[in-house]
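Undergrad: Chain A is fixed; fit chain B onto it per the hints.
Residue-level listing of the chains:
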Amino acid sequence: MHDDPSGPPAASVSRLGLGFFAVYVLLYGGFIGLVLARPDLMALRPFGGVNLAILCGLGLILAAVVLSVAYMIARAGR
Amino acid sequence: MLHETSPLAVGIFAAFVAGVLWLSFRLGRKGQSAQGYYAAHGQVHWAVNGIAFAGDYLSAASFLGICGMIAFHGYDGFLYSIGFLAGWVVALFVIAEPIKALGKFTFADALDARFDSRGIKLAVAVSTLVVSIFYLIPQMVGAGSLVTPLLGLPHWAGVILVGVAVTLIVVTAGMVSTTWVQFIKGSLLMFFCGLLTLLILARGLIVNAGGEGPIDMTPQVRTVRPDGTVLVDGRPQTADHDLRPVGTLATLPPRYGQARSTGPLGPLAYLATLEDSTVVTWKKTTHADAEGSHQTFVPEERPAAELLQPGGYFQDLAGRTLSGRLNFASLMLALFCGTASLPHILIRYYTVKDAAAARKSTVVGIAAIGGFYVLTLFLGLGAMTSGGLDPTDTNMAAPLLAKSFSETLFAVVSAIAFTTVLGTVSGLIMAGSGAVAHDLVENVCGVRLTDHEKVRVGKLAAIGLGVVAMALGILFKGFNVGFLVGWAFNIAASANLPALVMLLFWPQTTKQGIIAAVSVGMTASLAWILLSAQAFEKIYGLPGSLAPMPFSQPALVTIPLGFLTLVVVSLFTPRRA
Chain A
18 MHDDPSGPPA ASVSRLGLGF FAVYVLLYGG FIGLVLARPD LMALRPFGGV NLAILCGLGL
78 ILAAVVLSVA YMIARAGR
Chain B
6 MLHETSPLAV GIFAAFVAGV LWLSFRLGRK GQSAQGYYAA HGQVHWAVNG IAFAGDYLSA
66 ASFLGICGMI AFHGYDGFLY SIGFLAGWVV ALFVIAEPIK ALGKFTFADA LDARFDSRGI
126 KLAVAVSTLV VSIFYLIPQM VGAGSLVTPL LGLPHWAGVI LVGVAVTLIV VTAGMVSTTW
186 VQFIKGSLLM FFCGLLTLLI LARGLIVNAG GEGPIDMTPQ VRTVRPDGTV LVDGRPQTAD
246 HDLRPVGTLA TLPPRYGQAR STGPLGPLAY LATLEDSTVV TWKKTTHADA EGSHQTFVPE
306 ERPAAELLQP GGYFQDLAGR TLSGRLNFAS LMLALFCGTA SLPHILIRYY TVKDAAAARK
366 STVVGIAAIG GFYVLTLFLG LGAMTSGGLD PTDTNMAAPL LAKSFSETLF AVVSAIAFTT
426 VLGTVSGLIM AGSGAVAHDL VENVCGVRLT DHEKVRVGKL AAIGLGVVAM ALGILFKGFN
486 VGFLVGWAFN IAASANLPAL VMLLFWPQTT KQGIIAAVSV GMTASLAWIL LSAQAFEKIY
546 GLPGSLAPMP FSQPALVTIP LGFLTLVVVS LFTPRRA
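Protein chains in written order, with our numbering: chain A, 18 to 95; chain B, 6 to 582.
Here chain A stands alone, though its shape is the one from the complex (with noise of 0.2 Å):
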């Protein structure tokens, strides 16, 4: 049994996934920040009578359809 001295296959994790995924994470780290620093502005209503919180849940829903479309695309365009 042996440590294989190569290194870790970090050069197959693309630099792009990690951008889109660093948005992410503040989109969804934003989202958990606000219910929990203030839950009170989850009642706001300040689209189409629907209150912040279902909107912030909706808007995470696409964004994630949206940015992982998005990086297909750009993948398969290099």
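FYI, nobody ran anything at the bench for these hints, they're computed from the structure. Among these hints, one or two may not hold up.
Stated by the list, open to error - Listing some non-contacts, in silico: residues in chain B with all C-beta distances to chain A over 10 Å:
#1 W93
#2 A207
#3 A277
#4 A540
Claimed, not checked - These stretches of chain B come out as covered by chain A in the derived footprint (C-beta under 8 Å, 3 or more residues):
#5 196 to 205
#6 330 to 340
#7 375 to 388
Treat the numbers as computed from the prediction; the structure is a model and nothing was measured. We put the beta carbon where it would ideally sit given N, CA and C, even for glycine.
TA: Using the frame of chain A, we list chain B on its own:
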């Protein structure tokens, strides 16, 4: 509640399950080699694999658990939708391509690709088994909940039915048929949930739907006597004297005047109108005495706006206690990190031919799963106001919502939910049987198996896992299945994610570090869960206040603990032997 069994429902249900089993046997002929059995020859088309990801992932928890939690507790159920999908972002951007490049059959292959260590294989195989079993429990509980109203069978019969059917699927064909079962199930689930959502919006909001006149606000009591007989409000439970269905809208916004129905609404208008309405929710309390155990349901009219914000299920969050907030943050962290650590999701990357196909199938999966989770919000809220919920079982909200439209739709939705369970359970048993045959028997114990023997050992392991899953499914009756899956995510994320991430990004990682991180993360999260207030109350029947753990979701502590363990052990062990 007692539910009448309709021959039509039973017929449709039987046809669905028979169809799935037939397909499985037919495809089974293709999967006889080890490569075919465990990885479908690595030749599944990425689009099929993407929908199969959705079929694999959209388990009983997503369909039955989330809908039920939204229907009974409001927005907090939707937090699970948000977190379950967010986890896919980790899978796509960080894990998908390297894991495809590193592994062959199982998750242990990937983690062990650099080291060829028996210790890693053992630790990862055990963690795969623990996570798979924890994930299996809610699926089995969901199956048990489903057959009660559909077939008129007791909970345990449903658990055994699904256990036998799934074990048959896995034993006959392995990954090829598992993939197709998941593909079909994923497609059907999304189609029919889309249809249900359209029906909900077309119906709009109705005051006291399914009832007449004013809402009956008298409390209800269900008593189970020591001899097993059931009383409702002090009299024996019969078809004519049963708990009243719950889940009703009490008032519409003032702009509707005396009208009792809004008529068809668009998606945003539905949410906005509901927010200005009031609903009746039922608070459940339980107590036991010499006459038996009593569940008391007390109605309360509340502004729906209260239920459309966080805090309905995680009540401490609304109360703003520190432990409540930590519990919430911990759950959201577990959901985010858990998906990319689930063995049955990770093995699906070995069924496609290369890293590009792995990436594309993940994107298809995310789009399908994201669309589905948007629908869960409407399904849950539709159920909350459908007037047809069973107050004793949160897991039945989605099928009973379908029943409020038609008996046929109820049968179809129940059958799909059951195939949902079949699809996910078969994926989990595949992951577990791979861990036993490939990792434990062959790599850890060093038993050399021929191709044929490897498949046979996998099938024997699948039977064993099926039996364990059935037993636990009966034991955990009464839990919300979404909540149970949350626990599986906690264990998966704590045990597997630190090792996976550090292996990819930290060159100093050693095999001892990986073994320690997996073992400590798994043991700590499992111990935490078993010592939490929820486990005390619902598993051991003890007061939750006796539990030593301050909150029930361990990820916030045990994921960092896994990373810390890996770093410390790696720094103190030599990188090369």
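Undergrad: None of the hints should be skipped; say for each whether it holds.
TA: How the hints compare with the structure:
no. : hint       : result
1   : W93        : violated, 7 Å
2   : A207       : holds, 19 Å
3   : A277       : violated, 3 Å
4   : A540       : holds, 25 Å
5   : 196 to 205 : violated (count 0)
6   : 330 to 340 : holds (count 4)
7   : 375 to 388 : holds (count 5)
Checked against the numbered hints listed earlier, the structure breaks hints 1, 3 and 5; every other hint is satisfied.
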